[in-house]
Amino acid sequence: MRELITLVKGLLKKRKLILDLSKADFRKRFVGSYFGIVWMFIQPMVTIAIYAFIFGEHGMKNAPPVPGVSYVIWLTPGIIPWFFFSEVLNTGTNCLQEYHYLVKKVVFEVEMLPVIKLISCFMVHVCFLVIMIGLYLISGYMPMITWLQILYYSFAASMLGLALTFFTSAVQVFFKDMAQIVGICLQFGMWLTPIMYDEKIFTDRAPWLGTVFKLNPFYYIAAGYRDSMMTGNWFFERPTMTLYFWAVTLILMLIGLKMFKKLRPHFSDVL
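According to the numbering used here, the sequence shown is numbered sequentially starting from 1.
Rather than coming from a laboratory, the hints here were simulated on the basis of the structure. Just so you know, not all the hints are guaranteed correct.
[Claimed, not checked] Computed list of lysine-lysine pairs in DSBU-like fashion (alpha-carbon distance at most 30 Å, straight line):
(1) LYS104 to LYS214
(2) LYS13 to LYS262
(3) LYS14 to LYS261
[Stated by the list, open to error] Quick list of the computed label-pair ranges, beta carbon to beta carbon:
(4) PHE108 to GLY68: 36 to 44 Å
(5) LYS176 to VAL130: 19 to 27 Å
(6) VAL130 to PRO207: 25 to 33 Å
(7) LYS14 to TYR152: 23 to 31 Å
Just so we're clear, the structure is a prediction, and the values are computed from it rather than from any experiment. For each residue, glycine too, the CB sits at the ideal point set by N, CA and C.
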């Protein structure tokens, strides 16, 4: 727990530098690209279109759990946080190698690098949140007070992603296959989380699978985004899941920080 408190204090002290580096990282991702920032939206939009075609009303007719709601409206608040989470984990895993020249500087606090990647990804996420809200408004949905709860679930997704990134980024320096392992795990994770499909397809046949789904901490985030945008439920209406999610996230954060601190003295030697 001491590592976590020290990290928070250090980040608050260096908040201006972190924000400046996050903005620079955001811009760097699209420098030299002909379409620039447009690419930020193309792949996720194509992904949503494909899933809508396969699972939507004109595909496999996977009815969303909320009657009278189109598949795209149901899919969007589940898949947008996944785009954010997976981007944090993918880019964060390689952050020490990408910024190896900063790691080698004695005065630079390398713990900032996963946070810089997180903030850079969050800037993209905000753009998608605006698009999602616009989609709901265009579709005739009136704003609800629970839409503000998206900020809470975005924070939850950020903390889960950051916790895992501290671990994977530290290990990636010494074990170069970690990035590939993360990619494979994300592929499995996406299909093991009821993002594109209604979990009732499985739980109606095997009710115990409902518990298995909920053991996945990202289930809490996907369900929370949908609660906020569609059903109007608050996070405190899921007290057990909320406590479970934050307990798991805290444990993962402490493990990640412990691993990061243990390997940190050797980063500059390897990089």
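Here is what the structure says about each hint:
{"no.": "1", "hint": "LYS104 to LYS214", "result": "violated (41 Å)"}
{"no.": "2", "hint": "LYS13 to LYS262", "result": "holds (23 Å)"}
{"no.": "3", "hint": "LYS14 to LYS261", "result": "holds (18 Å)"}
{"no.": "4", "hint": "PHE108 to GLY68: 36 to 44 Å", "result": "violated (54 Å)"}
{"no.": "5", "hint": "LYS176 to VAL130: 19 to 27 Å", "result": "violated (37 Å)"}
{"no.": "6", "hint": "VAL130 to PRO207: 25 to 33 Å", "result": "violated (38 Å)"}
{"no.": "7", "hint": "LYS14 to TYR152: 23 to 31 Å", "result": "holds (25 Å)"}
The structure is inconsistent with the numbered hints 1, 4, 5 and 6, although it conforms to all the rest.
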